[in-house]
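We have chain R; now place chains Y and H onto it with these hints.
Protein chains in written order, with my numbering: chain R, 1 to 485; chain Y, 486 to 738; chain H, 739 to 1145.
Think of the hints as simulated: they come from the structure by calculation, not from any bench.
A portion of the hints provided could be inaccurate.
Below, computed lysine to any residue pairings styled on SDA-like, alpha-carbon distance capped at 25 Å [to be verified]:
| no. | chain 1 | residue 1 | chain 2 | residue 2 |
| --- | --- | --- | --- | --- |
| 1 | R | K350 | H | G1084 |
| 2 | R | K82 | R | E69 |
| 3 | H | K1035 | R | K458 |
| 4 | R | K458 | Y | E508 |
| 5 | R | K458 | H | D1074 |
| 6 | H | K768 | R | T361 |
| 7 | H | K779 | R | N183 |
| 8 | R | K420 | H | M1094 |
| 9 | H | K858 | H | N811 |
| 10 | Y | K620 | Y | A602 |
| 11 | R | K384 | H | S772 |
| 12 | R | K350 | H | S772 |
| 13 | Y | K636 | R | Q434 |
| 14 | R | K415 | H | G1084 |
| 15 | H | K779 | R | R381 |
| 16 | R | K359 | R | T426 |
| 17 | R | K474 | Y | K620 |
| 18 | R | K458 | Y | K636 |
| 19 | R | K474 | Y | A594 |
| 20 | H | K1044 | Y | Y571 |
| 21 | Y | K593 | R | Q434 |
| 22 | Y | K585 | Y | P601 |
| 23 | H | K1076 | R | T426 |
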Amino acid sequence: MIEKKQLSEDKLLEKVTTTEYKYGFTTDIESDTIPKGLSEDVVRIISAKKNEPQWMLDYRLKAYKAWIEMEEPEWANVSYAKPNYQDIIYYSAPKQKPVLDSLDDLDPEMKKMFDKLGISINEQNKLANVAVDIVMDSVSVATSFKEKLGDLGIIFCSISDAIQDHPKLVKKYLGTVVPARDNFFSALNSAVFSDGSFCYIPKGIKCPMELSTYFRINEAGTGQFERTLLIADEGSQVSYLEGCTAPMRDENQLHAAVVELIAMDDADIKYSTVQNWYPGNAEGVGGVFNFVTKRGICYKNAKISWTQVETGSAVTWKYPSCILKGDNSIGEFFSVAVTNNFQQADTGTKMIHLGKNTKSTIIAKGISAGKSNGNYRGLVRIAKGATNSRNFSQCDSLLMGDKCGSHTFPYIEVKNNSSKIEHEATTSKIGEDQLFYCNQRGIGTEQAITLIVNGYCKDVLNQLPMEFAVEAQKLLEISLEGSVG
Amino acid sequence: MLKINNLKAGIEDNQILKGINLEIKTGQVHAIMGPNGSGKSTLASVIAGKEEYEVEGGEIDFEGTDLLDLSPEERAHKGVFLSFQYPVEIPGISVSNFIKTSINERRKAAGLDPMPAKELLRKLREKMELLSIKKGYLSRNMNDGFSGGEKKRNEIFQMAILEPKLSILDETDSGLDIDALRIVANGVNKLRSEDNATIVITHYQRLLDYIVPDFVHVLHNGRIIKSGGKELAHELEEKGYDWITKEADKKWD
Amino acid sequence: MGLIENLKSYTEGINLSSDKKELLDSFLTKGFPSIKDEEWKYTSLRKVVKNDFKIDESSFDISENEIENYSLNLVDRILFVNGNLISKPSIKGVTISNFSEGNITNNTEMSSLNSALAKKGFTISVDKNIVVENPIEILFFTNSETDNFQQYRNQISVGENAEIKFVERIQNLNKSKCFVNHFTQINVAKNAKIEYNKIQNNTNNSTLIDTLNVFQESDTNCCVNTLIFGGELTRNNLNFEQNGTNCDSNMNGVSVLDDNQIADNHTFVDHKQAHCRSNEMYKGIYLGDSKGVFNGKIMVRQDAQKIDAFQSNNNLLLSETSTIDSKPQLEIYADDVKCSHGCTIGQLDEDALFYMRSRGIGVEEAKAVLTYAFASEAIENISVEEVKLLAQKLLAKKLNVDLDFSL
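Chain R with its partners taken away, still in its complex shape:
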């Protein structure tokens, strides 16, 4: 009997390791690509190709100079062969561009790709609640609903367009939350970013629909360095979602994005990510290096809520953070991070409490399977002046199989004695009794695991906008198929 059980587990494990990455197709689109390597000239070329003003070029050059002085960080609990930064193509744009009057004008190849991604733009168009910006390789290729949003004064466009059309806003805010020299990857991004999304919500406006960006790496040998800047002016509200996919390739592709959020007084930003970059194959070959800096600043009474479902990438290094500068501001972080096969994730958040009565909540759920390693790394800092601030953190890890690892590294620094901090962390596996109970009700082990994992992640999945919660759930299922504990 035991032998039989073992056999079926092996079978299931085999199945999971052979579960194909659903999004691993490449699209044959002609693209405008510059030679690989990084130098001051390359930075200039990128800026010139985008027809940027001098201040933008200066910003990039300054960042580049900072970057060459910096060293790639090693403190995260991940190990990988460092990319050769001279072997990466820093700019690749689909040739057909730049201006599309209508989404119907899209290259049919590209349209096909969007269908495969599950974001049929036509359908989305009808589904009146989501406006989509699509960034392929490094360039924004399609933005929908521009006009409708424009009526409300909302600006939602590619960051390249914003640099051209709204230079004052970009100049005022770019790099204010994540300075170029913040870290190695933010410096790199600041020097070479080629596109990304820009969003501005005017005072008092509630954005009537979900804003969404899909990122896709397509061209071989390219790095993707997108830049997102989102400004919610006083009293405004917005919910923003990004999704990411990449083709299956043997080499590791680099993705080093920077996201900056600015929530002015009384503003409310909800930022959700479903990250599904190619994780590499079952032997750990290939996959995306996902080194991302995301940070938001909250002014008085403002709120920033980060939700992330991380299932992809070979290596993830990502800490969406909140600087709670204004009194009564709120920061939230809800995360599900799944690792399988040889994936490694080092992810978490930083909550920096500066203002009075600031509150933060952290719910992080890690799931490790196969030979993967998942890490939660978080910082809660209560500054001297952050009177009456509160933090609650809950970090849970679920292990599936005896060859994976799950680790928790919280940092808690408190300099104010009226603050209350509660941090809890647990590590466990799916209970045998839970599995048997499900089995007894006729639910097979694999299905039971999906069910239990979904329940385990519910607090986080509930935070996602309806349209994407289902997608995220499916993703979880695919990522964990058959990984029996």
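What follows is chains Y and H alone, placed relative to chain R:
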């Protein structure tokens, strides 16, 4: 329907069931009684297929198949239902979601399409009424934060919906107050038919006033040492177990 | 001159074996750990090591009276003054002797330095099957007119099935500054049991870095209790290595600090074998400008299945200028485990305070009672009654109330 033949099973070298023989026909209710540690719950778990128990010998024939060859979910698909003594909590999963999955997995095994949402909903409502279950219950998480009584009622609710052929109620009455007991027993009685059968495992004769068994078996030290009609339960209530167990101990020593 | 310079000139004149020389050279090259070092992120030695500590200090006498002041007056007592073994008890089956060379340890800078130069301390071995009923008190006094740096190096081996308890205290009797780099290794053989209590209530001109490494074989039970009530800077490195199955590692800590005191508790439990447990409870109470640091790491190695590891770190900030940095960590490589940690930082419950005051209890007393209640969970785990009583007494003293918590 069910024929258990010289079943021996245990856990980590410790034999608990030492040769169980039991035959149950459709339409019947069998009660299994016995003192603590006699092997009642082990018997229930082994029938349902809990893997931590090692089966050392014997067979469990269920409508022509040996259950011992099947996985727990396959047994469930065949119509075996165990009402757990300690129902398990599954945080984050609603009762309705759990039941839906359970039904559809069974249907899938039988080559059927998933149950249409409308039909499912109608069925859930109907059974909720049967068991006097309040609204809002379906969206609660599986047994999470349930009281002891609620957990047991949840088991019978699932039984009502899944319509098993063989139901095993493992100490379903323990921890229930008299009102809850009546509701649960009433539910079980309404679900009784000529096509199904029930095994009631209990400590107390009290439950058997409500669910009247056709046969009563006394389990002791891993063996059925006495079988009789419902009057045996009354006799046990009056005299305790000693009078039979002593005799049995002599016989087996 | 700073300590590094003094160490350099002190060691110029002495002969060291080649492996010790290597340790020393590596230490002198790297220097004392700094806040850039992840393990010292929150505790800076910069100021301390600037002091002109002398390595070779002159001996002073010590009066019986002074000893009584700091002693629990247990029956069995080991007494060191300025590192010299003055007296020791005689206990059947227990061999107590002066310092002996042990294994080299070089896992941290401080233990390298200790390995290279320490020449003082004790060696205790407990024979098989010996159960020592009375706890043994170990007192280290320093009494020097000059600022001085001391290094003690101790070893305890507990034989199979043996049981023993210790209470240790390191005390500076002089107004001059004292910096002690203390190192103890405990080896626990199968089925043995040990409880080690540390009372750290030194003067406000004393620095202590205390490293305690415990190596456990199968079926052992080890408990280390750390009570910090004084000292300018106290750093504990408490490491457990479980090398057999069915081990228990227990840690309890109570820190009650005021003024500018800093207490840094670093703990590490290395679960290398299956079916083991660890239980850790640290309570911190901070007054004045004091600063607390907690860094607890639980590691479960691959194949070390069925581990139950529990860690909690609770802190009360009772003054406006006190601070706490806490870093509880889990590193888990086996799946069938139950591990958790919890960390809280907060204040006394205002409602409870009001309730007590409405019953006629004064504010300070009410606060003290609630504070004691907060710490009591950890104190209650101490089995040596005298230590428990002392902890209660010191807590009351630190909180400035005349209350008896022992009831």
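Do the hints match the structure? See the list:
1. Using a Cα cut-off of 25 Å, the hinted pair K350 of chain R and G1084 of chain H holds, with the two alpha carbons roughly 20 Å apart.
2. Of the supplied pair hints, the one linking K82 of chain R and E69 of chain R holds, its CA atoms being roughly 17 Å apart against a limit of 25 Å.
3. With a C-alpha separation of about 29 Å, the suggested pair K1035 of chain H and K458 of chain R falls outside the 25 Å cut-off, and the hint is violated.
4. Distance hint between K458 of chain R and E508 of chain Y is unfulfilled; the C-alpha atoms sit about 45 Å from each other, more than 25 Å.
5. Distance check on the hinted pair: K458 of chain R and D1074 of chain H sit about 23 Å apart at the alpha-carbon level, within 25 Å; holds.
6. Using a Cα cut-off of 25 Å, the hinted pair K768 of chain H and T361 of chain R is violated, with the two alpha carbons roughly 40 Å apart.
7. Using a Cα cut-off of 25 Å, the hinted pair K779 of chain H and N183 of chain R holds, with the two alpha carbons roughly 19 Å apart.
8. Using a Cα cut-off of 25 Å, the hinted pair K420 of chain R and M1094 of chain H holds, with the two alpha carbons roughly 22 Å apart.
9. Note on K858 of chain H and N811 of chain H: the hinted pairing holds, with a Cα-Cα distance of about 23 Å set against a maximum of 25 Å.
10. Note on K620 of chain Y and A602 of chain Y: the hinted pairing holds, with a Cα-Cα distance of about 18 Å set against a maximum of 25 Å.
11. At most 25 Å may separate the alpha-carbon atoms for a hinted pair to count; K384 of chain R and S772 of chain H meet this at roughly 24 Å.
12. A threshold of 25 Å between alpha carbons decides the hint, and for K350 of chain R with S772 of chain H the separation of about 24 Å falls inside it, so the pair holds.
13. For the hint linking K636 of chain Y to Q434 of chain R, the alpha-carbon distance of about 14 Å falls within 25 Å, and the restraint holds.
14. A hinted pair counts as satisfied when its Cα atoms are at most 25 Å apart, and K415 of chain R with G1084 of chain H qualifies at roughly 11 Å.
15. For the proposed pair K779 of chain H and R381 of chain R, the alpha carbon gap of about 14 Å is at most 25 Å, so the pair holds.
16. Annotation: proposed proximity of K359 of chain R to T426 of chain R holds, straight-line Cα distance about 23 Å (limit 25 Å).
17. Our distance criterion of 25 Å between C-alpha atoms is broken by K474 of chain R and K620 of chain Y, whose separation comes to about 29 Å.
18. Annotation: proposed proximity of K458 of chain R to K636 of chain Y holds, straight-line Cα distance about 21 Å (limit 25 Å).
19. The straight-line distance between the Cα atoms of K474 of chain R and A594 of chain Y is roughly 22 Å, inside the 25 Å bound, and the hint therefore holds.
20. For the proposed pair K1044 of chain H and Y571 of chain Y, the alpha carbon gap of about 22 Å is at most 25 Å, so the pair holds.
21. A C-alpha spacing of about 21 Å is found between K593 of chain Y and Q434 of chain R, which places the hinted pair at or below 25 Å, so the restraint holds.
22. Restraint check for K585 of chain Y and P601 of chain Y: satisfied, since their Cα atoms lie roughly 10 Å apart, inside the 25 Å limit.
23. Taken as a hint, the K1076 of chain H and T426 of chain R pair is honoured in the structure, with Cα atoms around 7 Å apart against an allowance of 25 Å.
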